[in-house]
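Participant: These are the residues of each chain, in order.
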Amino acid sequence: MEDTHIVELYWARCEEAIAETSKKYGKYCYSIAFRILGNTEDANESVNDTYLAAWETIPPHRPTILSTFLGKITRRIAIQTWRKTNTVKRGGGEMVLVWDELSDCIPSKQTVEDTVEAAELVEELNIFLQTLGEIERDIFVGRYWSFLSIAQMSTVTGFEEGRIKMILLRTRKKLRAHLRRKGFIYG
Amino acid sequence: MRKEDFAEVLGDIDEKYIQEAETMRKSNNTVWLKCSAMVACFCLLLATVAVIPQLFLRTTPIPPDNSDVPGQTTSDQSEDSEQKEDQRTPWTAYFNEATSRLDANRAYIKGYFTEPLNDTELAVLEPEMHFAYMNCSGYAGFDNYGNLLDVVLSVTTSLPENPVTIAITDYSFGSSYVLSGEEVVSVCEKVEYRVYQYEVGNTITLAADASINDLYFHFAMDVTSEQLERAKADFQCVLECFATYEAGKPDLSVITPEEIPELMEQIFHTLAEAQAEPDFGQYMPSALPAGFEESTIRRFQFQNSNYLSGLWSKGLDDLAWVVSPYAEADAHRLTSVEDKENYDLALYPIPRADSVPDELREIVDNPIFDAEELTLEAVYRRAYKVNDAGDTDGWRMEFSVKYGDVVVTVRAKGVTPEWVYQQLMLLNTK
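Keeping their order, the protein sequence lines are chains A and B. 0 is the number of the first residue of the first sequence in numbering that gives the first Met the number 0; add one for each residue after it. 0 is the number of the first residue of the second sequence in numbering that gives the first Met the number 0; add one for each residue after it.
Treat the hints as calculated values from the structure; they're not laboratory data. Watch out, some of these pointers could steer you wrong.
DMTMM-like cross-link-like pairs, simulated, lysine to aspartate or glutamate; straight-line CA separation at most 20 Å [as the list claims (entries may be wrong)]:
hint, chain 1, residue 1, chain 2, residue 2
1, B, Lys109, B, Asp11
2, A, Lys26, B, Glu125
3, A, Lys172, B, Glu376
4, B, Lys15, A, Glu122
5, B, Lys15, A, Asp2
6, B, Lys15, A, Glu123
7, A, Lys181, B, Glu19
8, B, Lys401, B, Glu376
9, A, Lys173, B, Asp387
A short list of chain A residues far from chain B (calculated; beta carbon distances all over 12 Å) [stated by the list, open to error]:
hint, residue
10, Glu14
11, Ile17
12, Lys22
13, Thr39
14, Asp48
15, Trp144
For each residue, glycine too, the CB sits at the ideal point set by N, CA and C.
Okay, chain A solo, but in the shape it has when bound:
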């Protein structure tokens, strides 16, 4: 079914919308949740919560790209689940590794909490992504948005793992420099 039809079903408050969403994007949402949580039970729960969240937000929203809309919801729910259940003690999934990698790019505590809204940070991230070449950007998003493992990135791109790591390393370095210039990171 076309995405526009699925969205129409949501707007019509027809429960078939969830069945169609599950049929078309269930695996996609599950893969995002599983990469973050690292276990089937929590991942399935996050996907079900995603459907519920979609039901509650459409309407009033009318997403233009349903896949990324659902992906964002799943990602957020999975991260929140991770935080609640402290899944790191049970193995964690790819997220623990990703956080460690990003630790140098995380804005300074005082800056964000006191004066900068998260929205401003998102805007800067978008500006930063715009400056990247397509290959670097896709690898960065694949790793830090979708939580793909280095091995998966290697399979997808055909690049050796060492090369993927190097691209990520270089991109993180640029991100850190960008955020520092914009006053999000001190030192």
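Use these hints to put chain B onto chain A, whose structure you have.
Facilitator: Same frame as chain A, but now just chain B:
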């Protein structure tokens, strides 16, 4: 900001970037391979038109911004250097196949000594960009005035037994390679790397030379053919890390010796003078074989050297007698006279490169006997004769004897086993 918060904020990036990345993944390898192939073809075309003639001429270096060689970085024409950096595509090191390497060793410098690099010194040398598996260690080499001459770093890779060794100097060693084709220069972050691959026996050496911020860098990594592909990826990563010294030239002035070891050198003109030397003189022979004349007797002590040596000759025959402290590093060459496989040359016909097992090579080359165990028979088992046109046919032998914490090493040609044994036995009484 907490890590979790940042991860959530990242989740709100523009959907077009998420979709772009997902499109890439949905098409699996196709798009990427197409892109790679297109880039490769484009680069090959440009290389053919623009760069290869320059390589043939090799009269001037490739301009830093001309990175259209296969496997090179590319850059746009923007004035904004940061923007330029962002537009670069990942580089690939081109491994020039070499049939052999011609070494140009630095002249011997008396008083050259080394010291391990401490954490402060390593911090200066380590590039800002590095991988978790990359740990640096190394040493610095100085002349006997304490002037820094060179630095050797060892950088670990994802292959635990195969580090990359990096020699850093402010002068070029002038190594050169015999290549099977025309040399291709790889450019990374404006650094020109000449990258090579050559094979000696079962070992493949990956090597690279570059001048970075007026310092000469030589990189080398030894691997087996099974490790080659992974090693190449790691080697390239190390090269890329060292191409990005953001602070510019490393401040080598922080690398200073903690202590300049004292260099002691003394020349003796007679055996009697050497016998009077306080440290090792008593372990010199009591007399010389008939007809042998004094040639060089030298006492030398420096960082890793401490010995009294005498070299005498008679025509083509010669006798070297070296006295030095016993070191733990010698322990693997200690042998009992009972263990004939460790020293009996009759068991190992010439050429011994073929007959001596690898694991016994060092001990068979120069075994160390305990002085109290040594027998004339053992000395005979170390001695052999050869018919070598143009040379004398006298006994040849080499072995060492341990007297407490001192080792005497004998290398002789044209001296009988009886004479050597007798002299060594006399030392037991001292």
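Participant: Run every hint past the structure and note whether it holds.
Facilitator: Here is what the structure says about each hint:
no., hint, in the structure
1, Lys109/B with Asp11/B, "65 Å, violated"
2, Lys26/A with Glu125/B, "44 Å, violated"
3, Lys172/A with Glu376/B, "70 Å, violated"
4, Lys15/B with Glu122/A, "13 Å, holds"
5, Lys15/B with Asp2/A, "16 Å, holds"
6, Lys15/B with Glu123/A, "15 Å, holds"
7, Lys181/A with Glu19/B, "26 Å, violated"
8, Lys401/B with Glu376/B, "17 Å, holds"
9, Lys173/A with Asp387/B, "68 Å, violated"
10, Glu14, "26 Å, holds"
11, Ile17, "21 Å, holds"
12, Lys22, "17 Å, holds"
13, Thr39, "21 Å, holds"
14, Asp48, "15 Å, holds"
15, Trp144, "6 Å, violated"
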